[in-house]
Amino acid sequence: MSFDITRQSLLRTVFYFLLLFVLFSGREYLFMPVAAPPDGDGTIMPLQALLLRFLSAFPWTVPVLTFLLVFVDSFFLTRIIARNLIFLERTYMPSLIYLMVSLGYYAAAGSVITLAVAFLVMYAAESMILSYKRRAQFGYFFHAGVALGAAPLLYAPAAVFGILLPVGLGLFRKQWRDGAVALTGFLLPLFFTSYVYWGMGEPFSTVVRQIAAALTSEFPAKDFFHGQDPLWGYVLSGIFLTVLVVSLATFVRRRKKMRNRSFKAYLLFVWMLVAVATLFALPGRSLDMLPLAAVPLAMIVPTYFNRRTGLWPNLLYALMMFALLAYNLLPFIRFYQENGLR
Numbered sequence: 001m002s003f004d005i006t007r008q009s010l011l012r013t014v015f016y017f018l019l020l021f022v023l024f025s026g027r028e029y030l031f032m033p034v035a036a037p038p039d040g041d042g043t044i045m046p047l048q049a050l051l052l053r054f055l056s057a058f059p060w061t062v063p064v065l066t067f068l069l070v071f072v073d074s075f076f077l078t079r080i081i082a083r084n085l086i087f088l089e090r091t092y093m094p095s096l097i098y099l100m101v102s103l104g105y106y107a108a109a110g111s112v113i114t115l116a117v118a119f120l121v122m123y124a125a126e127s128m129i130l131s132y133k134r135r136a137q138f139g140y141f142f143h144a145g146v147a148l149g150a151a152p153l154l155y156a157p158a159a160v161f162g163i164l165l166p167v168g169l170g171l172f173r174k175q176w177r178d179g180a181v182a183l184t185g186f187l188l189p190l191f192f193t194s195y196v197y198w199g200m201g202e203p204f205s206t207v208v209r210q211i212a213a214a215l216t217s218e219f220p221a222k223d224f225f226h227g228q229d230p231l232w233g234y235v236l237s238g239i240f241l242t243v244l245v246v247s248l249a250t251f252v253r254r255r256k257k258m259r260n261r262s263f264k265a266y267l268l269f270v271w272m273l274v275a276v277a278t279l280f281a282l283p284g285r286s287l288d289m290l291p292l293a294a295v296p297l298a299m300i301v302p303t304y305f306n307r308r309t310g311l312w313p314n315l316l317y318a319l320m321m322f323a324l325l326a327y328n329l330l331p332f333i334r335f336y337q338e339n340g341l342r
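Oh and the sequence shown: position 236 is 236 in our numbering, straight run, nothing missing.
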């Protein structure tokens, strides 16, 4: 039997996951530490500022929380995919793809915030999928609404994921009662926070204005491939983009053979990708948003590898891993060249 690097067991996947995380965290926290963003510019939510101050006061919690969140996020997403039979074969590749995208390019204190928000988005997506063909089950969309409404309170730009509620209603329920429940759940966290602001003497619209400021304010430009050799960063991004396009084409070709629930679940993640593209097109984009982009990419990118076997999928996946390792190992090589083994 020929060796297929795109299909690995759970044990090997966890082993590779740990190795990659050690590599990514070593790159950022040992050689290129990134300071937490400021919390007084009016575009950062109070809860987000509180967490960032905590992470700045206790820097050792950053890698610990990052590992816990990225591990839970990646395998929670894998569970959603397996539970809804989105792929033909059981695969653990989404967990590795999620790790590659969320931390493979960049990681800092702000990434902890967006990793937590990514979990809320995934929880909302699963709740909407579970509501499919269930009668009088309003709780699913209420929970989804609460999760998506709470997300911008933790990270304001996550407000763009609110579009998933009407999309999910159109895909899974199509009943006005579910829409009313979902809207109530979405507005409840925002209303509660606005009420607290109002009680403190602030305008009731403070939360809305903060979210709008976060989406429209231009942050200081930062090189996407900060500190590393940009060549391998562009190569890795090109491979990801190529596989993304091929995977979407694969989905279009096999859509008629998919179960209805699996097809609708896949479409929900495609709409999530559209929301992410909108997020990165806004002036307030930040590298901290990469864990949010990792959610739809980790679901869509493995489509091609799950559907195909043979030389080309293995070669493409090997090139992706090689570019990823080259991009992340270069800081270590430079460090030892400049400082020696002291």
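These are calculated hints, taken from the structure and not from any lab test. Cβ coordinates follow ideal geometry from the N, Cα and C atoms, glycine included. Do not take every clue at face value.
As the list claims (entries may be wrong) - Label pairs and their in silico Cβ distance ranges:
no., residue 1, residue 2, range
1, 23, 238, 46 to 54 Å
2, 315, 257, 58 to 66 Å
3, 180, 200, 28 to 36 Å
4, 308, 237, 19 to 27 Å
5, 200, 332, 42 to 50 Å
6, 231, 336, 36 to 44 Å
7, 58, 134, 42 to 50 Å
Hint check results:
| no. | hint | verdict |
| --- | --- | --- |
| 1 | 23 <-> 238: 46 to 54 Å | violated (21 Å) |
| 2 | 315 <-> 257: 58 to 66 Å | violated (26 Å) |
| 3 | 180 <-> 200: 28 to 36 Å | holds (30 Å) |
| 4 | 308 <-> 237: 19 to 27 Å | holds (22 Å) |
| 5 | 200 <-> 332: 42 to 50 Å | holds (48 Å) |
| 6 | 231 <-> 336: 36 to 44 Å | violated (20 Å) |
| 7 | 58 <-> 134: 42 to 50 Å | holds (43 Å) |
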